[in-house]
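Given the coordinates of chain A, work out where chain B should sit on it, guided by the hints.
In case you want the letters, here they are:
Number of protein chains: 2
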Amino acid sequence: MHDLERIGQAAKEASQYLARLAANQKNEVLLACADALEAKTDLILTENAKDMAAADPSRTAFNDRLRLDASRIKGMADGLRKVARLDDPVGEVLYMKTLPNGLQVGERRTPLGVVGMIYEARPNVTVDVAGLCFKSGNACILRGGSEALTTNIALVKILHKALASLGHPPHAVQLITDTSREAARDFMRLDTYVDVLIPRGGAGLIKTVKEHSRIPVIETGVGNCHIFVDASADLQKAEAIVINAKTQRPGVCNACEKLLVHADITDVFIPQICDTLTKAGVEIRGDDATQERFGGTLPAAEADWHEEFLSLVIAVKVVADIDEAIAHITRYSSAHSDAILTESNVNAQRFLAEIDSAAVYVNASTRFTDGEEFGLGAEIGISTQKLHARGPMGLKALTSTKFVIFGDGQVRA
Amino acid sequence: MHDLERIGQAAKEASQYLARLAANQKNEVLLACADALEAKTDLILTENAKDMAAADPSRTAFNDRLRLDASRIKGMADGLRKVARLDDPVGEVLYMKTLPNGLQVGERRTPLGVVGMIYEARPNVTVDVAGLCFKSGNACILRGGSEALTTNIALVKILHKALASLGHPPHAVQLITDTSREAARDFMRLDTYVDVLIPRGGAGLIKTVKEHSRIPVIETGVGNCHIFVDASADLQKAEAIVINAKTQRPGVCNACEKLLVHADITDVFIPQICDTLTKAGVEIRGDDATQERFGGTLPAAEADWHEEFLSLVIAVKVVADIDEAIAHITRYSSAHSDAILTESNVNAQRFLAEIDSAAVYVNASTRFTDGEEFGLGAEIGISTQKLHARGPMGLKALTSTKFVIFGDGQVRA
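Going down the list, the protein sequences come from chains A and B.
Numbered per the numbering used here, the first sequence spans residues 1 to 413.
Numbered per the numbering used here, the second sequence spans residues 1 to 413.
Looking at chain A on its own, in the form it has when it is part of the complex:
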């Protein structure tokens, strides 16, 4: 705990420094960090090879996220350059109005202060988060997966050198190198110094953080996403959207996991979409009506409606109408991304108003739920909670506001 206490204090001090930096000072640092990462490509690859050598070879998807190569390092550097080009959110005045007594009152964006991040063994997150926090004037404390520790230490050392070379405190970005479970728990109790804690990773990680954190948490990511194909949908577009949402990248949180089909179109659409899905290698788990209409369907269990498959599996259900579709989604959705495919404006508006999810779509693939796709420039995660930030979080989600008041001697009557 002693060490974490020191890390927290140093972060708090750095955050006061960072809050005062001008955008061009911050951009200069981001560009210097990008150049430094590229210049040290060989060193980073040597350190990453040590992590890879210690990795369990059977975890292929996991190891793919852990592994770096020259183009991925260039990708991280380019990510920092892109963040440098984004507008600085700090200092933005959201509005300023003059009250009857002559007081001018407005709200002005400020950094949050100290951002804590707990994530899995993905070295690119280390650089992404450091860049986004720095640009938004926040100090950050990073706790990445133990399997990426050697890589992360190398990356943060390079960022520190770049910060120091421009005369800025390296404590703007700190890495917790004790990757024990105890240290993680202690980190979650650093509420004196850390303003927000963002877990990024699987459902288990997020649940643990929610349970143990004394720091306010922004919950991210779990996506049990639905597509409801309404009676009036354009079935050709519907097929393309469902296939895209399910198969384009099945392992991510905005992939479609559940398909609801209006009863009026089951005879046509169920055989059509199930055939195409099956040919694309997707396993279909269906309710009775789906099983009747498509031979290859496995029976869906109750648990399937709750499950985030993250693989080439989809559960399919026939619903009587939009009411049943909305009721089903309200009950089972993780409130990440849900879509209606319809040509009915009334139904589109109802779905938008009544489905209470971070992203609600009409006639498009759920795969678009992403900070870059939504035009935020970059993303630190996707919030599935309602407080503070919801959906893809860009730089603005890393800010707070304060009221600023200009007077000329006003006192309250």
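Source of the hints: derived by calculation from the structure; they are not laboratory data.
Owing to the predicted nature of the structure, the values given are computational and were not obtained by experimental measurement.
Treat the hints loosely; a few may be bogus.
Identical copies look the same in the list; a pair holds intra-copy or inter-copy alike.
[Stated by the list, open to error] In silico DSSO-like links for lysine-lysine, alpha-carbon gap of 27 angstroms or less:
no., residue 1, residue 2
1, Lys161, Lys97
2, Lys207, Lys237
3, Lys82, Lys279
4, Lys396, Lys97
5, Lys237, Lys97
6, Lys82, Lys97
7, Lys74, Lys210
8, Lys161, Lys74
9, Lys12, Lys210
10, Lys396, Lys210
11, Lys12, Lys157
12, Lys40, Lys82
13, Lys161, Lys12
14, Lys12, Lys396
15, Lys82, Lys396
Quick look at chain B alone, frame taken from chain A:
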């Protein structure tokens, strides 16, 4: 716990209903509630008299907040009528942009869902909170101080009848009638149903809620507010502002508790302001420099710089310059409301940028930190945290947003 579980479930269900109400339906309810409260004035006074009869007569300020009379009941009713006149925040589209691929992406305001409120024995809070939550489409669960229970039961019964008479579920507003400490603790663990918990009251109450809540909390209220009188300040205006901020209503969170005076003006300003404060009945606790310049000064202890006095006491300190003032405030302020009095634009801008408080003032009394004074129309509390809402919280602080996306068959490449 069984009973609270039921309350939570009923609130969740009601919240789904409330999210769909149009503004005119909500306003109709608010006006009906206002009329019902006025019509039942006698009943409310009878019930309130029971609470007053059981109250400890020695707690005069406490009892003053507990006591109702006809004009206070009219005040509560008028408060609801005022909330009815405010714009409905729900459904507001913050922006809508068209992306290169033709997708239209925007953010739309939604209710938070279920708002929990823990507060002291102030019956007006029951009605205020119910009105603000209802207008913003949220269900609320109220847990007021035990000393006001009989009054609160009567008030909520009247609101329920008005809701039911218009065909709406009474569970939109629920009161926890078990005022035991155990029930309060169980309430704080209802995170399955309650989206946010707002404690309103003294520092002790807020600390308890922060420590025990599993529901996300919005911290409110504690105000250790500072005024820094810079060397260039207009000393006549400064005197009026300090007197107003300290004495106009000393028991509230936006009252001034600390006065910092630039060293260059101590010889003139310390005797002047301390004399006026003393004549207004204010006790002065000062550092050495203040004690030297004003005879009636008591020595300030370290604890005084942290303390929220909430009474006619002020601590006064001489600082060498704006740097020392900013450092002192950064260290001791509760980050509620802090002011600089200065004619220097450079120093005003520095203070605004560097003081990290919910409300930062130039040349005005800190007493203005209030939802109505800031033009928000009403206020559910003053947030002193940085996540989600900061400073006076109006209807918008009771909302979240969701991304809404309109497509025409777009899929991700």
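We went through each hint and held it up to the structure:
1. Lys161 / Lys97: Neither: 44 angstroms inside a chain and 40 angstroms across chains, both beyond 27 angstroms.
2. Lys207 / Lys237: The answer is neither: 37 angstroms in one copy and 54 angstroms across copies each exceed 27 angstroms.
3. Lys82 / Lys279: neither (39 angstroms within a copy, 61 angstroms between copies)
4. Lys396 / Lys97: both (22 angstroms within a copy, 17 angstroms between copies)
5. Lys237 / Lys97: This pair counts as between: shortest inter-copy Cα distance 23 angstroms, intra-copy 47 angstroms.
6. Lys82 / Lys97: between (34 angstroms within a copy, 21 angstroms between copies)
7. Lys74 / Lys210: neither (34 angstroms within a copy, 44 angstroms between copies)
8. Lys161 / Lys74: within (18 angstroms within a copy, 66 angstroms between copies)
9. Lys12 / Lys210: both (23 angstroms within a copy, 21 angstroms between copies)
10. Lys396 / Lys210: both (23 angstroms within a copy, 26 angstroms between copies)
11. Lys12 / Lys157: This pair counts as within: shortest intra-copy Cα distance 20 angstroms, inter-copy 48 angstroms.
12. Lys40 / Lys82: Classified as within; 20 angstroms inside a copy, 63 angstroms across copies.
13. Lys161 / Lys12: Intra 20 angstroms, inter 51 angstroms, cutoff 27 angstroms: intra-copy only.
14. Lys12 / Lys396: Close inside one copy (20 angstroms), not across copies (29 angstroms); limit 27 angstroms.
15. Lys82 / Lys396: within (16 angstroms within a copy, 32 angstroms between copies)
Violated hints for the displayed structure, listed by number in ascending order: 1, 2, 3, 7.
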